[in-house]
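Asks: Sequence:
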Amino acid sequence: MKIKFSQLGITEPEEMAAYIAENVKTKGDKPNLKELTGLLKIMDIHIAERLAAQAQDDDLPL
Numbered sequence: 034m035k036i037k038f039s040q041l042g043i044t045e046p047e048e049m050a051a052y053i054a055e056n057v058k059t060k061g062d063k064p065n066l067k068e069l070t071g072l073l074k075i076m077d078i079h080i081a082e083r084l085a086a087q088a089q090d091d092d093l094p095l
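Residue numbers (this note's numbering): 34 to 95.
Do not take every clue at face value.
[Claimed, not checked] No farther apart than 30 Å at their CA atoms in a straight line, the calculated lysine-lysine pairs in the DSS-like style are these:
hint, residue 1, residue 2
1, Lys37, Lys74
2, Lys74, Lys58
3, Lys63, Lys74
4, Lys60, Lys74
5, Lys58, Lys35
6, Lys37, Lys67
7, Lys35, Lys60
8, Lys37, Lys63
9, Lys35, Lys63
10, Lys35, Lys74
11, Lys37, Lys60
12, Lys37, Lys58
13, Lys35, Lys67
Source of the hints: derived by calculation from the structure; they are not laboratory data.
Please put together the full structure from these sequences, using the hints given.
Replies: Put into structure tokens, the structure is as follows:
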């Protein structure tokens, strides 16, 4: 999960907690396995979007 956070440019524990709070609806105080699995899928989507945006920026003419 730390690798995915770093791919998203999130390195600080406070930023990680904010990202989790924004993207996971928890039933208790801490996310359960199912919620964490969903978070990993959301992170994959955000990483793919970020990579696509970078690739699109690379394709722009100078």
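Asks: Hint by hint, where does the structure go against what was stated? Just the numbers, ascending.
Replies: Result: no hint breaks.
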